[in-house]
Amino acid sequence: MIYLNGKFMPIEEACIPVLDRGFIFGDGVYEVIPVYSRKPFRLTKHLRRLQHSLEGIRLTNPHSNAEWQHLLEQVIVQNDENDQSLYLHITRGVAKRDHAFPSVPPTVMILSNPLSSPSVSLLASGVPAVTAIDNRWIRCDIKSISLLPNVLLRQLAVDANAAETILIRDGYLTEGSASSIFVVKDQVLLAPPQSHLILPGVTYEVVLELAAAHNIAHEVREVTEEELRSAEEVLLTSSTKEIMAVTRLDDQLVGNGKPGRFFAKLHQHYQHYKETYMRAGSVDK
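Sequential numbering of the sequence shown, starting at -17, is according to this note's numbering.
Hints in this document: simulated from the structure, not taken from any laboratory.
All clues given are correct.
Quick list of simulated restraints, FRET-style, between CB atoms:
hint	residue 1	residue 2	range
1	GLN234	SER85	51 to 61 angstroms
2	LYS247	GLU49	32 to 42 angstroms
3	LEU235	TYR154	21 to 31 angstroms
4	SER107	VAL140	15 to 25 angstroms
Even glycine gets a Cβ: it sits at the ideal position worked out from N, Cα and C.
Starting from the given sequences, assemble the full structure and let the hints guide the process.
So, in structure tokens, the structure goes:
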């Protein structure tokens, strides 16, 4: 069951006009929210990022946070899984094909997919990744539905039987094609700073909060390509992947080729944080 423009319906019955600007121009934004035990995780943070994306494309938010929460709760109830991945999709609406903004209602869709945490075997072995030049536009902080550059970069990983493509721009690490990237260098966790070149990751924020709370040495600063390639550990994070270790990069081992102690600590703390969140209902700051 999905939500589309004020109605709940089976996904097979959902239709969008061909002149929807999301279809014609990729003119819209999206958000992905994990749900554990039927509770949206870090909802306030996700809705804040959604607002940032909408402001970035000059589209008025069609709902208040309370209204979004009510809609999301209804979608959760009407789908079977306890753990879900909620996808919010908002476009500028339906209008004749013209680049200028029309004065029409936006298209709003919410759908749910089952959410599966990374398998025990992947957590134990880590995953391979490849690198590529970050050739996307310069407003990567907007979670835009215009994802063709990310699709092409992600396919490089698929072609190489890897889990992710890690992106480098002008000699510096930015992020993955669909994830945030952390590097451990000289036993310090390094995180590229948030900017217009990087999506503000919600899980990225959690990792930095956990590092601060548990006295894990960390810095937020620019990370060079050389530091990435010579790192003791490389971690990728996202709302659906949580935290995973990258143990091979471009056919070279990362560290000793096994998930390291920074990954082990952060993964343990993250799982405890999730459990605390679910018991408390919300621990958003």
